[in-house]
Amino acid sequence: AQSVTQPDIHITVSEGASLELRCNYSYGATPYLFWYVQSPGQGLQLLLKYFSGDTLVQGIKGFEAEFKRSQSSFNLRKPSVHWSDAAEYFCAVGGVGNAGNMLTFGGGTRLMVKP
Amino acid sequence: NAGVTQTPKFRVLKTGQSMTLLCAQDMNHEYMYWYRQDPGMGLRLIHYSVGEGTTAKGEVPDGYNVSRLKKQNFLLGLESAAPSQTSVYFCASSPGGLNQETQYFGPGTRLLVL
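Top to bottom, those sequences are chains V and B. Take the first sequence: its position 76, counted from the start at 1, is 76 in my numbering, and no numbers get skipped. Converting from the second sequence to my numbering requires adding 1000 to each position, the first position being numbered 1.
Because the hints were derived from the structure by calculation, they are not lab data. Watch out, some of these pointers could steer you wrong.
[What the hints assert, rightly or not] With a straight-line Cα cutoff of 30 Å, these simulated DSS-like cross-link-like pairs (lysine-lysine) come out:
hint: 1; chain 1: V; residue 1: K49; chain 2: B; residue 2: K1057
hint: 2; chain 1: V; residue 1: K49; chain 2: B; residue 2: K1071
hint: 3; chain 1: B; residue 1: K1057; chain 2: B; residue 2: K1070
From a predicted model like this one, the values you see are computed outputs, not experimental measurements.
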């Protein structure tokens, strides 16, 4: 069965500092990997996705993520955090041949930004 | 396009009452999903549909039923609500073809069962 682990439940960074959110997955086939962001009281918005090819993917709002197959990781990064980035971030995994293209989500990481 | 919309936004039920949550999408997507979100547990899939007239169970289907009579609508029913079903419910849809894996989410329905 597929699973996703986000080890950090809460992270606090100062505005302007760099950010890395961790995601580890378990999947028996070629994974498709996603990062979603959820602002308070809102639905989930797709930040970026990895299907194949270049292992460093760029997303919206200045985010990027790197797929490392050897480490089963897909960490999210941003070089300089803005106060508006405060939100909850979810990593998700799906894959080829997955009936219904179901996604499995991690438990989420809540990001707080200090002024 | 409105994208994915959910009705209602918020609801309070008493234990044993029934209700239906409506999800509508105007993107002509084949696949639709219902998730529940609970603190620290991320999103868990309740039921999903791979096309009009089809439904399938997800990770946590017990206590819920669904129907997809029209391609654009996906209904989630609670026949006899329980306090354990207090949660935020999200609907999502995804297109067929090469980008079928990307899911688009609605704004959520907050349900409180007393």
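Verification of the supplied hints:
In summary, the hint linking K49(V) to K1057(B) is supported, as the alpha carbons are separated by about 25 Å, within the 30 Å threshold. Our distance criterion of 30 Å between C-alpha atoms is met by K49(V) and K1071(B), whose separation comes to about 26 Å. In summary, the hint linking K1057(B) to K1070(B) is supported, as the alpha carbons are separated by about 18 Å, within the 30 Å threshold.
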